[in-house]
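Trainee: Chains as they are written, first to last, in this note's numbering: chain A, 108 to 518; chain P, 108 to 518.
To be clear, the hints were calculated from the coordinates, so they are not data collected in a lab. Treat the hints with caution; some may be incorrect.
Which copy is meant is left open, because identical chains are indistinguishable; a pair holds if it fits in one copy or across any two.
Derived DSBU-like pairs: lysine-lysine, alpha-carbon spacing no greater than 35 Å straight-line [to be verified]:
id, residue 1, residue 2
1, Lys460, Lys382
2, Lys398, Lys440
3, Lys440, Lys123
4, Lys268, Lys372
5, Lys398, Lys268
Each chain, letter by letter, is given below.
There are 2 protein chains.
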Amino acid sequence: MIRNSAPGSAGLVSTKYATIYEPPEALPLDSGEELSPVTLAYETYGELNHDRSNAILVCHALSGDAHAAGISADTGGMSAADVGFGAKSEGQVDRRQLGWWDNMIGPGKAFDTDRYFVVSSNIIGGCKGSTGPSSINPHTGRPYGLGFPVVTIGDMVRSQKRLLERLGVERLLSVSGGSMGGMQALQWAVAYPEAVRSCIPIATTARLSAQGIAFDEVMRQAIMADPYWNRGDYYDREQQPTVGLSIARMVGHITYLSDESMRNKFGRRLRDREKYGYHFQTDFEVESYLKHQGNSFIQRFDANSYLYITKAIDYFDLANGHGALANALSGVKARFLIISFSSDWLYPSYQSKEMARALRRLGVDVSDCEIPTSYGHDAFLLEEEAQTQMIAGFLAHNLARVRAENGAVAQ
Amino acid sequence: MIRNSAPGSAGLVSTKYATIYEPPEALPLDSGEELSPVTLAYETYGELNHDRSNAILVCHALSGDAHAAGISADTGGMSAADVGFGAKSEGQVDRRQLGWWDNMIGPGKAFDTDRYFVVSSNIIGGCKGSTGPSSINPHTGRPYGLGFPVVTIGDMVRSQKRLLERLGVERLLSVSGGSMGGMQALQWAVAYPEAVRSCIPIATTARLSAQGIAFDEVMRQAIMADPYWNRGDYYDREQQPTVGLSIARMVGHITYLSDESMRNKFGRRLRDREKYGYHFQTDFEVESYLKHQGNSFIQRFDANSYLYITKAIDYFDLANGHGALANALSGVKARFLIISFSSDWLYPSYQSKEMARALRRLGVDVSDCEIPTSYGHDAFLLEEEAQTQMIAGFLAHNLARVRAENGAVAQ
């Protein structure tokens with residue numbers, strides 16, 4: 108099916124909230140603890156087809172939320188405008204209302220909402236409408252703070268499985284996401300092999316590197332060093348740990364870009380001056396940019412959630428408890444499209460290639476591609492064209508296989 | 108001359124202090140301000156020969172000091188023990204007393220103190236015995252704090268020139284250093300072409316990248332966010348901005364290593380535990396290592412000096428005020444040996460290669476070499492063997508040329 112019109116918008120969307128566990132039922136966690144109640148924020152785009160074979164789950168990265176596509180009817184949340192170098196604006200829409208992957212999800216886009224039922228799920232531990240450290244702890248009547256249990260990517264995915272069941276989806280045509288979203292996609296394929304027909308992990312890894320853990324730890328230290336963090340108990344206070352969170356975000360942001368993209372975008376250009384200021388205010392454009400990123404982030408993110416989510420990322424290791432990675436992957440039934448980016452040094456391509464090799468040795472059907480780009484890790488949000496070609500083809504192929512299977516069964 | 112014995116130690120050394128400017132004389136600064144008095148800490152190894160042709164200046168990096176080689180008769184200071192993966196220990200000597208480049212400077216070493224008179228100079232702006240923000244401001248009788256003028260690599264080198272003159276050295280056989288030390292070496296070759304016969308910039312750049320500025324700015328923000336920093340006025344207080352400084356050092360340390368070296372050294376190994384702790388204390392070895400680096404650094408470094416020195420690094424741009432880099436380099440008379448390291452992503456090899464190309468186009472005699480290593484930026488402190496081969500040969504060649512010239516003049 109060739110589309111004649113230009114790709115369009117997923118339209119006006121609202122985030123929905125599903126309380127998937129309520130006492131006495133509770134979500135079992137990898138730590139051994141339990142969580143209840145559990146609410147997940149999510150959005151859906153497109154329609155589930157009659158045989159429920161066209162559902163795709165999209166998972167987001169550290170600072171993302173359920174609003175992945177279309178124009179938000181709500182306010183707040185991450186958006187395309189928060190992305191490093193900005194996605195293209197769409198007509199006269201305020202870019203702050205566009206979903207964080209709006210360039211990839213919509214009619215005629217990579218995740219074509221004319222064909223697929225796309226679910227975008229938020230995560231537990233976050234601060235975007237799902238249960239997290241800023242939620243009310245039913246045992247105290249106050250926000251959890253550090254009383255919130257440490258959660259893992261496995262826990263996030265376990266809760267998403269329940270959400271998908273509530274939406275009537277027993278089996279996903281595909282699960283995809285970039286960065287930590289890619290970790291969730293991988294975890295889905297491993298934890299629920301029967302429920303995942305295909306998997307598109309992007310700019311991600313089967314286990315976070317020592318360097319990645321190191322950056323996460325430094326960011327957490329920056330937050331916990333903020334006197335207003337107050338051991339996580341700050342929700343009812345006037346002063347919030349915004350300075351620490353802002354520094355954490357600045358560190359993170361450097362790791363999302365690349366040496367080359369920073370050179371192209373900023374170089375050594377000075378900010379609003381012709382000569383060095385010989386002071387400790389802003390001299391360079393890149394300093395101004397980072398401060399802006401830090402300052403805008405604190406408007407939309409919770410410091411404790413930053414701690415919990417980076418910890419979940421650090422703990423992510425598909426091989427954990429399985430010995431070798433191959434053991435962890437041995438039950439996988441999904442087909443894979445693994446995408447990485449040449450200048451991504453936070454989740455370097457070699458990690459994706461290792462994963463592809465491990466899967467191939469197990470006989471899994473794997474396509475993997477390293478997209479040449481200067482955008483660094485942020486490329487999963489920005490390299491629309493190259494990703495669209497690969498993802499659209501991969502999904503269409505998988506949908507055709509499902510139809511062939513279903514047709515064969517019907518005969 | 109082939110040496111038969113193993114390389115030895117530069118011996119027991121003491122740091123010396125030269126007050127090179129005293130009122131009414133003052134060091135003119137690039138900012139337009141002046142500084143007086145100015146003291147520089149320095150050490151020397153080996154003997155100046157009769158025609159004063161064998162002097163080599165060694166310049167240190169951000170956290171270095173004058174104690175580059177031998178065994179310190181003093182206490183404190185950076186040392187070989189502070190280096191990322193540790194230099195080899197020498198006999199029973201406490202490694203904390205060894206100079207930071209002891210593996211490179213000494214009898215029979217790369218900078219052979221049997222042949223050369225090696226001067227190691229500290230920098231203004233620092234906190235290791237030279238005039239800096241923790242020095243007493245003669246106008247107030249109190250430590251300068253932020254009242255200390257912002258200094259540049261040019262200012263550091265201008266003060267070192269004066270020091271060398273005091274030591275009876277009008278012309279250097281060579282000037283060398285890694286990282287910010289390499290910036291000083293380059294600045295020497297550009298600012299004092301007649302005084303520099305050869306230059307060995309290592310793991311450095313002619314101008315700091317946007318990514319480098321970004322990391323420096325985040326580290327400064329971490330320090331300035333510490334409430335005990337108190338706008339730089341903390342010297343007479345009980346509480347010091349140690350937490351901010353420690354976070355800055357942790358960030359810095361990640362940039363000195365490489366993804367590969369961190370994987371080799373730490374991987375995902377847990378610290379004193381078999382399972383994840385599900386808390387926000389230390390889980391991984393790499394976290395423990397970083398915290399140790401942060402905690403030991405605050406014992407030996409001043410937070411304000413960290414601000415001033417990173418600012419000088421940010422401002423370093425040989426082309427500044429010259430238009431193109433080639434214009435800045437056009438007056439250079441030194442021969443160059445430029446060393447870079449394959450896994451150094453803070454001062455990537457391509458920057459050294461650019462510099463080598465620019466010099467060659469000007470007809471300058473340049474050797475450049477990218478040493479394959481996994482050690483990252485720290486390699487300039489650790490890749491002893493490969494550097495020794497190149498540097499020893501380059502220096503011997505240059506000394507022979509000087510002798511031939513002097514012989515020719517004598518005839």
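Trainee: All the hints need checking, so say for each whether the structure fits it.
Mentor: Here's how the hints hold up against the structure:
Within a single copy, Lys460 and Lys382 get their C-alpha atoms only as close as 46 Å, which misses the 35 Å cut-off; across copies the closest is 28 Å, which meets it. Proximity of Lys398 to Lys440 under the C-alpha cut-off of 35 Å is found in neither arrangement, the shortest distances being 45 Å within a copy and 42 Å between copies. With identical chains, the CA atoms of Lys440 and Lys123 are at most 35 Å apart within one copy only, with a shortest distance of 30 Å there and 70 Å across copies. For a Cα distance limit of 35 Å, the shortest separation of Lys268 from Lys372 qualifies neither inside one copy, at 40 Å, nor across copies, at 37 Å.
When the C-alpha separation of Lys398 and Lys268 is checked against a cutoff of 35 Å, the pair qualifies neither within a copy, at 38 Å, nor between copies, at 38 Å.
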